[in-house]
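2 protein chains.
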Amino acid sequence: MNKAKPTILVVNDDGITAPGIKVLLEAMSEIGRVVVVAPDSPQSGMGHAITIGKPLRLDKVDLYEGVEMYRCSGTPVDCVKLAVNKIFKGQKPDLCVSGINHGLNNSINVLYSGTMSAAVEGAIEGIPSIGFSLDDYTLQADFSHCVKYVKELALQVLANGLPQATLLNVNFPNTPHIKGIKVCRQAAAKWAEEFDERIDPHKRPYYWLTGVFQLNDGGEDTDVWALEHNYVSVVPVQFDMTAHHAIPYLNNWKFNV
Amino acid sequence: MNKAKPTILVVNDDGITAPGIKVLLEAMSEIGRVVVVAPDSPQSGMGHAITIGKPLRLDKVDLYEGVEMYRCSGTPVDCVKLAVNKIFKGQKPDLCVSGINHGLNNSINVLYSGTMSAAVEGAIEGIPSIGFSLDDYTLQADFSHCVKYVKELALQVLANGLPQATLLNVNFPNTPHIKGIKVCRQAAAKWAEEFDERIDPHKRPYYWLTGVFQLNDGGEDTDVWALEHNYVSVVPVQFDMTAHHAIPYLNNWKFNV
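Each protein sequence line maps, in turn, to chains A and B. For the first sequence, position 188 matches number 188 in this note's numbering, and the numbering has no gaps at all. For the second sequence, position 25 matches number 25 in this note's numbering, and the numbering has no gaps at all.
None of these hints come from the bench; they were simulated from the model. Keep in mind that this is a model prediction, so the values were computed, not measured. Wrong hints could be hidden among the right ones.
[What the hints assert, rightly or not] Heads up, simulated PhoX-like pairs for lysine-lysine below, C-alpha to C-alpha not over 20 Å straight-line:
| no. | chain 1 | residue 1 | chain 2 | residue 2 |
| --- | --- | --- | --- | --- |
| 1 | B | Lys190 | A | Lys89 |
| 2 | A | Lys254 | B | Lys148 |
| 3 | B | Lys182 | A | Lys190 |
| 4 | A | Lys60 | B | Lys203 |
| 5 | B | Lys60 | A | Lys203 |
| 6 | A | Lys92 | B | Lys54 |
| 7 | B | Lys203 | A | Lys54 |
| 8 | A | Lys151 | A | Lys190 |
| 9 | B | Lys54 | A | Lys203 |
| 10 | B | Lys182 | A | Lys254 |
| 11 | B | Lys182 | A | Lys203 |
| 12 | B | Lys89 | A | Lys151 |
[Said to hold, decoys possible] Away from chain A, derived, C-beta distances all over 10 Å, residues of chain B:
| no. | residue |
| --- | --- |
| 13 | Leu63 |
| 14 | Ser144 |
| 15 | Leu158 |
Every residue, glycine too, gets a C-beta built ideally from N, C-alpha and C.
All chains, full assembly: derive it from the sequences and hints.
See the structure below:
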């Protein structure tokens, strides 16, 4: 923490009017100077998408008294890029927090989640970053039991920093009876898609993406295990996707070309 | 390879009419039975986005003689999910190839790329998967020097398989004078955003995302180095994003909560 009052960028993927971001910006306002940049509409499942084919809008809005807020027409990752470039203008914030997401982003969901991708983008920019998510998809989600953990984790990251090119993925169980914080690895899992097939009024088929979470990992060191046992899960995430362990294997291949 | 004639799923992010996917499906038709599922419009930069808030369309089309093809209204990842569930119906293809992308997807671009995210989704589904990209963004790109490498890599993956939960990210330099194939790690880099700010006819500002590729890694074992020296770069990619090396560090933190 390089100054008395840190600057904190708050982003999310559920959109600027989501209850989860209000909880997060209020918690962060107790720690530092807060700047909020969030999508003008829900952007769940946008992953690491960026907007290339059309221009972006960025407008200052006045939703909560005394909070500097901007709504952005783009994706969660666009929000971070615009914040760094057009609002902070190269003066990086001390912390980037994303969420609190309405719905878990544990395990494989780190890839699909706009919340986590915004935090990943913060980390790529060299900003210590954390994504927060709660196991409740509804707009009526109760985030009150999360607040003290959110503040503690933000303070720890500000005080200690994070290993280079890493960030934190923090998920909360939907219970006030939390046993503590567990540092975990991402559980191996996938979504088994089902697709709800329907017929439109013009007799043409269309499909709704649905799915069942398929856990392939019983490890007690995973985020899924921690959440099932009422712990807050903290997974350190990296954005270097190289499978280093596979390099020697591939180097043994003989290419006939 | 579990049968005489393998089944190969071909996807991309530049859309079903892109020249790059035609080159790829033609190369794959020499190896096996090909099924193409591609977005009905360009989806560059969509990363691992999925479509949650609206339904999807999937229509059979007849673009090239004798090739089973479908256009999808969703993202590249949606294409893979729909292919696995509605076309293959659980009978997994033997290989999933994505591209050939018009433009490089080396280094950090693996995160933003719809081409690579489609291949990642294939790997999550347990299908041996490869993403292919060429260092030429134009629709006039010449892919002819890529074809023999595309076929060789597909055959090697079909014959040897890949380590569990990994896939390949293959990038081609834009030259016919290729020195060979190099297995690499992803170079550390980021996009330094600039944003082109303009004023619309109603006097309101808008922003075009632009950027400069900022390399922070001179390693001769990276994909950037290989491509600059006219090698085909092959990076093994994993989708477990856990920063395993950071877990002991975080376990030393004392939480005051």
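Hints versus structure:
no. : hint                   : in the structure
1   : B/Lys190 with A/Lys89  : holds, 17 Å
2   : A/Lys254 with B/Lys148 : holds, 15 Å
3   : B/Lys182 with A/Lys190 : violated, 31 Å
4   : A/Lys60 with B/Lys203  : holds, 16 Å
5   : B/Lys60 with A/Lys203  : holds, 16 Å
6   : A/Lys92 with B/Lys54   : violated, 36 Å
7   : B/Lys203 with A/Lys54  : holds, 18 Å
8   : A/Lys151 with A/Lys190 : violated, 31 Å
9   : B/Lys54 with A/Lys203  : holds, 18 Å
10  : B/Lys182 with A/Lys254 : holds, 12 Å
11  : B/Lys182 with A/Lys203 : violated, 51 Å
12  : B/Lys89 with A/Lys151  : violated, 46 Å
13  : Leu63                  : holds, 20 Å
14  : Ser144                 : holds, 14 Å
15  : Leu158                 : holds, 12 Å
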